[in-house]
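Spelled out, the chains give:
Protein chains: 2
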Amino acid sequence: MNVFIIGLGLIGGSMAIDIKKTNPSVKMFGVDADKSHVEQALDLGIIDEGAEMIDLTAADVVIVSIPVNAAIKVVPEVLDIVNDETLVFDVGSTKSLICSEVASHPKRRNFLATHPIAGTEFSGPTAAIADLFKGKTNIVCEVEKTAFKLQERAMKIFYELGMRIRYMEPKAHDKHIAYVSHLSHISSFMLGKTVIEKEKNERDIFDMAGSGFESTVRLAKSSPAMWTPIFEHNKENVIETLEEYINNLQRFKELMEQDNFSSIYEEMQNTNRIKEILAGISIKTN
Amino acid sequence: MNVFIIGLGLIGGSMAIDIKKTNPSVKMFGVDADKSHVEQALDLGIIDEGAEMIDLTAADVVIVSIPVNAAIKVVPEVLDIVNDETLVFDVGSTKSLICSEVASHPKRRNFLATHPIAGTEFSGPTAAIADLFKGKTNIVCEVEKTAFKLQERAMKIFYELGMRIRYMEPKAHDKHIAYVSHLSHISSFMLGKTVIEKEKNERDIFDMAGSGFESTVRLAKSSPAMWTPIFEHNKENVIETLEEYINNLQRFKELMEQDNFSSIYEEMQNTNRIKEILAGISIKTN
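From first to last, the protein sequence lines are chains A and B.
Mapping the first sequence onto full-length UniProt numbering, position 181 (from 1) lands on 181, and the numbers just tick up by one.
Mapping the second sequence onto full-length UniProt numbering, position 27 (from 1) lands on 27, and the numbers just tick up by one.
Calculated from the structure, these hints are not laboratory results.
All values reported here derive from a predicted model rather than from experimental measurement.
The reader is advised that the hints may include incorrect statements.
Identical chains share a label here; the pair holds if one copy fits it or two copies do between them.
For lysine-lysine, the following DSSO-like pairs were computed, each having C-alpha atoms within a straight-line distance of at most 30 Å [to be verified]:
hint, residue 1, residue 2
1, Lys145, Lys171
2, Lys175, Lys235
3, Lys253, Lys73
4, Lys107, Lys253
5, Lys175, Lys200
6, Lys275, Lys200
7, Lys198, Lys27
8, Lys136, Lys198
Please construct the entire structure, taking both the sequences and the accompanying hints into account.
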């Protein structure tokens, strides 16, 4: 089986590692606009061979793992090139736009829209790691629009990666993911910004910041090239989450200004319920 | 040496474990308003004996590890009881108020104001763990107001716990810590609140939330009983940080509304510098 990874970053590279591990007979090809990424992926043994778009005619599976703004252009091009038996899936963090972009493509049935909820704050081929997807959720959209045989091929791959599948409509995906992923990133970036702006003398940050700060600003290390187009694609949902988040922060500030610390206590106590929710996540991922 | 821990929670309990480990001859006494905590600490072997305030006459060292609103009442009472050779230190997350409360106490020179930057999101005696303070920073305020011999006794303990010492004025401590600790907690609590409010069907959170969300809302598990008085004591600084954080989020939202995604990219790229800052923290704590 010939598997082509377009975009040799954290997600594409990690998929290549695990697919190769469970299917040693797979020949793994890498396509990347950045030629140094192809070289790195070859050096790291993530791919067997570098390739170009034109080589996709030989593909059994094509994984498009590039920023979402690039994916909406590249996926239709890939579908133009591949043969009728090829499975093409993307892994982007927004799903409505990609689904509408391919809606009337003659090879729509070769495409599956997916979003594996996995990652770290790092990027590029060197960030690729084994077992990244084990126990994680993969959200699959509009499954009924993909040819049944190719659904099966995809599910076998996801199963071997250790993923749980959840089916959702693209619009519902984009709405929920804005809350549980996109907003977290903005909250973290703006927290990092607020502290960096204030603490001109970085030694003060080094010395006083503990593991709590580290955990809260971890996502502020994420790649702007990946995240800017996500916010652009999911603009309306993200703005809605931001409005609600800002309102909650504003209310917290007003309670403090009014010395209403009993309500502050209640706000925190009510939110402590997140413990059980996070315990649910941990059960899932471990 | 008789060491008394007032408040057998995460910090007090963890100090007891490490002090006992490096000084097996220490007799460890536990005082807690919640008698079940004394029982738990005895069962866990964290303390050798339960005690009352009146027993503090026999103390060589008293560690006051209770919420900051309780500490400002209890520390002067402790100083009233202990003898002239006893070291008393607190571990609270705000320092201005405790320092002003004891400023004119006749036994001021027996007291040292400290803030070990260490912890987890858990609380109570069962949360106490060994090596919690290893490689962490302990901020010591107004060191010159503590008797030299008692400073030495305190530094020996902090050294044995594996801590680095940093000296600061209480006002500077409270201002900086608002940015690198207190704001992180509010950001996390309000993020948790925003998502819980929206996602009435918690299964959606379970299934779609990944490790990024988990990391960003981890601090929302923290104890309201500990954190409400911290926000109250540090009200002005915390409100200032909240204003700046809200302004940054507001600006991010406006850039999105204006479709100014090149500026959004820049905001994130500038904040990526947090990588180096966090690397600094990790070097320190590992």
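Evaluated hints:
1. Lys145 - Lys171: within (16 Å within a copy, 63 Å between copies)
2. Lys175 - Lys235: Classified as within: same-chain Cα gap 10 Å, cross-chain 35 Å, threshold 30 Å.
3. Lys253 - Lys73: Between. Shortest inter-copy distance 26 Å satisfies the 30 Å Cα cut-off; intra-copy 44 Å does not.
4. Lys107 - Lys253: Neither. Shortest intra-copy (53 Å) and inter-copy (38 Å) distances fail the 30 Å Cα cut-off.
5. Lys175 - Lys200: between (37 Å within a copy, 13 Å between copies)
6. Lys275 - Lys200: between (35 Å within a copy, 16 Å between copies)
7. Lys198 - Lys27: neither (51 Å within a copy, 45 Å between copies)
8. Lys136 - Lys198: between (37 Å within a copy, 23 Å between copies)
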